[in-house]
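S.K.: Which chain is which? The protein sequence lines are A and B, in order.
Its first residue numbered 1, the first sequence is counted upward by one per residue in the numbering used here.
Its first residue numbered 1, the second sequence is counted upward by one per residue in the numbering used here.
Don't read these hints as lab results, they were simulated from the structure.
Since the structure is predicted, the reported quantities are computational estimates derived from the model, not experimental observations.
Hints may be right or wrong, so weigh each one.
One copy or two, either will do: identical chains are not told apart, so a pair holds if it fits within one copy or between any two.
SDA-like cross-link-like pairs, simulated, lysine to any residue; straight-line CA separation at most 20 Å [claimed, not checked]: (1) 301 with 149; (2) 301 with 148; (3) 301 with 283; (4) 103 with 321; (5) 163 with 212; (6) 301 with 282; (7) 301 with 286; (8) 166 with 203; (9) 301 with 181; (10) 250 with 301; (11) 163 with 203; (12) 301 with 153; (13) 301 with 284; (14) 11 with 128; (15) 128 with 15; (16) 11 with 102; (17) 301 with 285; (18) 9 with 103; (19) 103 with 15; (20) 166 with 61; (21) 166 with 202; (22) 163 with 224; (23) 7 with 342; (24) 110 with 136; (25) 103 with 312.
Number of protein chains: 2
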Amino acid sequence: MKNDPIKLKTKIIETFGTPCTVVDLDVVDSNIAIAQARCDDARVANRPHIKTHKSPYFTKQQINAGAKGITCQKLGEAQVMADAGISDIIIATNLLGAARSGKLAALQAKTPVKVCADNPVTLSEYAKAAADANTPIEVLIECETGQQRAGVESPDEALQLAKIIKDNAMLKFAGLLFYPSLDGWPRTQHFFDELKLGLNDMGLTADIVSTGGTPNFINIGQLNGATEHRAGTCIFNDRMMIAAGVATLKDCAVHVYTSVVSRANDQRGILDAGSKTFTSDTGGLDGFGYILEHPTAQIHKFSEEHGILDLSNCTNKPAIGDVVRVVPNHVCVAVNMVDQLVAVRGGDVVDVIPVSARGMLV
Amino acid sequence: MKNDPIKLKTKIIETFGTPCTVVDLDVVDSNIAIAQARCDDARVANRPHIKTHKSPYFTKQQINAGAKGITCQKLGEAQVMADAGISDIIIATNLLGAARSGKLAALQAKTPVKVCADNPVTLSEYAKAAADANTPIEVLIECETGQQRAGVESPDEALQLAKIIKDNAMLKFAGLLFYPSLDGWPRTQHFFDELKLGLNDMGLTADIVSTGGTPNFINIGQLNGATEHRAGTCIFNDRMMIAAGVATLKDCAVHVYTSVVSRANDQRGILDAGSKTFTSDTGGLDGFGYILEHPTAQIHKFSEEHGILDLSNCTNKPAIGDVVRVVPNHVCVAVNMVDQLVAVRGGDVVDVIPVSARGMLV
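Let the sequences and hints guide you as you build the complete structure.
M.R.: Here it is in structure tokens:
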């Protein structure tokens, strides 16, 4: 059935039914290679963020393609990856609430990880976890340069944390974590340059200087001194990445196969996939996904298991029973909704891949 | 630790870490009793929608409290409930894409279910599944009276479907499914009355006439001829149900325990729970949840694992390391994000309850 989408649809619906979240491994191969090449070209190491796929299956492919290590956003993700034999892991967040459960110490005793902090309270929890694990823990300082999320907001704040790290035998300074906004790279350079001088004065070196984000592939390499980049979404891509100019439709590896289950009237249709399949993330876009077969049909509203189609601008309207493929607005959250992805290659179903690190509390 | 929220927070974070989605079983008991009483008072049977909890644990409590049967929205939910011994199940949707996989026939052969349709294509799939299962299947006709979701839009359309059902030996007419909008009950009455006459002429009786929705508790009993009501959210309640006037804060059984992991600056704080814990459903409300300890702190933005707090109107600002409890805007989708709920009773942790029917494709 090589590249016959109609036969593939029939196979998917007869084997799995709909909705069905499907990943095209040929596209994934290409996306992994593109991401690696972008990092290679910019002379920074590739440390993909696995929050997008949450699966050791894809992590191993990324490592095999040249990735230096991985980035996680949750302790549970790191646990799953460590269990799968991945050893070079940054957990890119203040792991305060997870550390207090004793689970960070348990992981650290088994597979030492690198963690991030932007405040002394988190550092204190890391020191306790490291002491419990009897293994000093490597810490990166998270720096805020435009996204308005976590991160210290000045080099001075970062230096205060660096001093705490330096003075605590259970903490080892490992470097700096940046997630510049798209226009925040010059500001990031100033921040880093000033901070680097201060670190030098303290006798510290940032072995890792990490930038992040798939949209930031358009800026990769622009931070002089960066040693690695962490991007997540690029392995699958989505409508947001198309809007950001870093992917095209053919780079989108994940499609939700969904049936038109009702045509309430001439202007309205209903898909059997809603917010419990895609989530309600719009990513700032109009509509909740792009329907390959009916680009002018807008998924304008979700209920939990239904996508409501506005067909008023649609000339070629879908019929009840049609199976359509939808590119999600935000693939990271859509993949996180299902226990497994149906995998296709060469136009045929070849595997079912567990999304192992999803559904966990911490 | 009876009713000492500080001790309970300490136990939860030290046992599970944060974020942690917690259900208070005392509140659940009360909510189940209230829903049953509302149905009893209106003289309609109670057929709770289990999409909110997706767990046989709670289904059994609802049955024990007097529920006649249950409502599901997915085939996978019905499979899990049938496996747990629940026998009276309505799947309240056009199960077209799931039926074509053969999974409906497999379920029907084991535990006969009632299904819903608003079109002939779905009916045709039901007839095939019933034939494959060698067991006629009971079908309700879904009728649209205000929500603008699925459902036939006129009594005439419903009668056309009723005729198809009547003429097919594998299909049995079981009744009518309504989900009136809040102001759509008089319209629903007209629709039903006209349809009932037509059904009588065909020699058919709607044994089940179902109304739906927790917000519709304010209207329950207003449809003359209704035999049962299906409500889901009322078992847990949430910020949307408070806004709808059918619950208060003390009726909200599910809280996400989350840590303040960063205080970027005076106006901004960060929780360790974001869209992968709550989803991005706003339910039309400002902010993404209600923080019990800091009602004036607004969760104004999510990233996947972070909730960004706007503290500009907050006099008593949370500190890094504080554990706070958040009432989700939409509890049905929040519960669907985790594999298990931590259960408390009498102010102490007593159980961990699997959310068994989540993460499934169909």
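S.K.: Each hint needs a verdict: does it hold in this structure or not?
M.R.: Results of checking the hints against the structure:
Only between protomers do residue 301 and residue 149 lie at most 20 Å apart by alpha-carbon distance; the minimum there is 10 Å, versus 28 Å within a single protomer. Within a single copy, residue 301 and residue 148 get their C-alpha atoms only as close as 29 Å, which misses the 20 Å cut-off; across copies the closest is 10 Å, which meets it. For the homomeric pair residue 301 and residue 283, the shortest alpha-carbon distances inside one copy (14 Å) and between copies (12 Å) are both at most 20 Å. Taking CA atoms no more than 20 Å apart as the test, residue 103 paired with residue 321 passes between copies only; the shortest distance there is 17 Å, against 47 Å inside one copy.
With identical chains, the CA atoms of residue 163 and residue 212 are never at most 20 Å apart, being 25 Å at best within one copy and 60 Å at best between copies. In the homo-oligomer, the alpha carbons of residue 301 and residue 282 lie at most 20 Å apart both inside one protomer (11 Å) and across protomers (13 Å), since each shortest distance falls under that limit. When the C-alpha separation of residue 301 and residue 286 is checked against a cutoff of 20 Å, the pair qualifies both within a copy, at 10 Å, and between copies, at 18 Å. When the C-alpha separation of residue 166 and residue 203 is checked against a cutoff of 20 Å, the pair qualifies only within one copy, where the shortest distance is 9 Å, while the shortest distance between copies is 85 Å.
Only between protomers do residue 301 and residue 181 lie at most 20 Å apart by alpha-carbon distance; the minimum there is 16 Å, versus 30 Å within a single protomer. Taking CA atoms no more than 20 Å apart as the test, residue 250 paired with residue 301 passes in neither setting, with 25 Å inside one copy and 31 Å between copies. Proximity of residue 163 and residue 203 under a CA criterion of 20 Å is satisfied intra-copy only: 10 Å inside one chain copy versus 84 Å between copies. When the C-alpha separation of residue 301 and residue 153 is checked against a cutoff of 20 Å, the pair qualifies only between copies, where the shortest distance is 19 Å, while the shortest distance within a copy is 38 Å.
For the identical chains of this complex, residue 301 and residue 284 are neighbours both inside a copy (14 Å) and across copies (12 Å), given an alpha-carbon limit of 20 Å. Only between protomers do residue 11 and residue 128 lie at most 20 Å apart by alpha-carbon distance; the minimum there is 18 Å, versus 53 Å within a single protomer. For a Cα distance limit of 20 Å, the shortest separation of residue 128 from residue 15 across copies, 16 Å, qualifies, whereas the shortest one inside one copy, 50 Å, does not. For the identical chains of this complex, residue 11 and residue 102 are inter-copy neighbours only, at 12 Å across copies versus 46 Å inside a copy, given an alpha-carbon limit of 20 Å.
With identical chains, the CA atoms of residue 301 and residue 285 are at most 20 Å apart both within one copy (13 Å) and between copies (16 Å). For a Cα distance limit of 20 Å, the shortest separation of residue 9 from residue 103 across copies, 17 Å, qualifies, whereas the shortest one inside one copy, 43 Å, does not. For the identical chains of this complex, residue 103 and residue 15 are inter-copy neighbours only, at 9 Å across copies versus 39 Å inside a copy, given an alpha-carbon limit of 20 Å. Taking the shortest Cα distances, residue 166 and residue 61 never come within 20 Å of each other, neither inside one copy (36 Å) nor across copies (55 Å).
In this homomeric assembly, residue 166 and residue 202 come within 20 Å of each other (Cα to Cα) only inside a single copy, at 9 Å, whereas the closest approach across copies is 84 Å. For the homomeric pair residue 163 and residue 224, neither the shortest alpha-carbon distance inside one copy (24 Å) nor that between copies (74 Å) is at most 20 Å. Taking CA atoms no more than 20 Å apart as the test, residue 7 paired with residue 342 passes inside one copy only; the shortest distance there is 15 Å, against 44 Å between copies. In this assembly of identical chains, the alpha carbons of residue 110 and residue 136 lie at most 20 Å apart only when taken from the same copy (12 Å versus 56 Å across copies).
For the identical chains of this complex, residue 103 and residue 312 are neighbours neither inside a copy (52 Å) nor across copies (34 Å), given an alpha-carbon limit of 20 Å.
Hints 5, 10, 20, 22, 25 from the earlier list are contradicted by this structure; the remaining hints agree with it.
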